[in-house]
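Protein chains in written order, with the working numbering: chain A, 1 to 114; chain B, 115 to 224.
Just so you know, the hints here were simulated from the structure itself, not pulled from any lab data.
Over the 10 Å line for every Cβ pair with chain A, so calculated as not near, a few chain B residues:
(1) Ser126
(2) Thr134
(3) His171
List of simulated lysine-lysine pairs, PhoX-like, C-alpha gap at most 25 Å:
(4) Lys57/A x Lys71/A
(5) Lys211/B x Lys57/A
(6) Lys140/B x Lys211/B
(7) Lys211/B x Lys71/A
Sample of chain B residues facing chain A (criterion: CB under 8 Å; computed from the structure):
(8) Gln147
(9) Gly154
(10) Arg155
(11) His159
(12) Leu162
(13) Leu212
(14) Phe214
(15) Gly215
(16) Gly217
From the three backbone atoms N, C-alpha and C, an ideal C-beta is built for every residue, glycine too.
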Amino acid sequence: EAQVTQNPRYLITVTGKKLTVTCSQNMNHEYMSWYRQDPGLGLRQIYYSMNVEVTDKGDVPEGYKVSRKEKRNFPLILESPSPNQTSLYFCASSSPSGRGETQYFGPGTRLLVL
Amino acid sequence: SQQGEEDPQALSIQEGENATMNCSYKTSINNLQWYRQNSGRGLVHLILIRSNEREKHSGRLRVTLDTSKKSSSLLITASRAADTASYFCATRAAGNKLTFGGGTRVLVKP
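Kindly produce the complete structure, drawing on both the sequences and the hints.
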C-alpha cells in the first residue's frame with residue numbers, strides 16, 4: 001500500500017531535549033516536505049527536499065533541521081525543542097519533484113513540549 | 115504567509131444539502147488544489163484544477179477557478195455525515211511551494 005509513515009504519532013518531551021520525528025514514504029517520490037499545523041494558522045511549511053541531499057527552508061524553519069540521505073526518508077530534527085514548537089506535524093511527499101502534483105500526507109505527529 | 119484564505123471558516127448543514135466554500139489567493143498560480151482533513155488526521159487530496167481550467171468535477175465534488183478574481187470554490191453536493199471534515203485549498207505558484215489556507219470546518223448533521 002502506498003503510504004507515508006511518521007513516528008512517533010504522539011510525543012511529550014521537555015524543553016531542550018533533542019528529538020527526531022521520522023518520515024518514510026514507499027512511493028519513490030523525489031519531493032518531501034514537513035509542515036506544522038496550528039489552530040488559526042493552517043499548515044505552514046518548515047522544510048522541503050527536492051531529492052536526496054537537496055533540502056531547503058520553508059516558511060518557518062527556525063528551530064528545525066532536516067536531512068535527506070535516502071530517497072525514502074526525511075527526518076525532522078528538533079535540536080533543542082521549546083514550548084512554541086508544540087504543534088501537529090505532517091510529513092508529505094509527491095512526484096515528480098512536486099511540480100503540479102498532489103501531495104500525500106502522513107498521519108501526523110502530535111508534539112507537546114513542556 | 116497564507117496564500118489561500120477560505121471562506122467561511124465554519125459551515126453547518128443538514129445531510130443531503132449542498133456545501134459551498136470559497137478560497138481566495140493573492141498571487142498568480144500554476145494550479146489550485148483542495149484537500150480534506152478529518153479531525154487530527156493527515157490531509158487527503160480531493161481535486162486539482164490548473165490555471166487554464168475553469169471547472170472540474172470529481173464525483174460529488176465540483177471545483178471552479180476564476181483567475182481574474184483569484185478565487186476558487188468547492189461545492190459538495192448531496193452531503194453526507196462522512197463529509198464532516200476540514201477542507202483546505204492550496205495554491206502552487208512558480209516553483210514547488212504549495213501554500214495552504216486556514217481551512218473551512220464543515221459539519222454535516224444527520
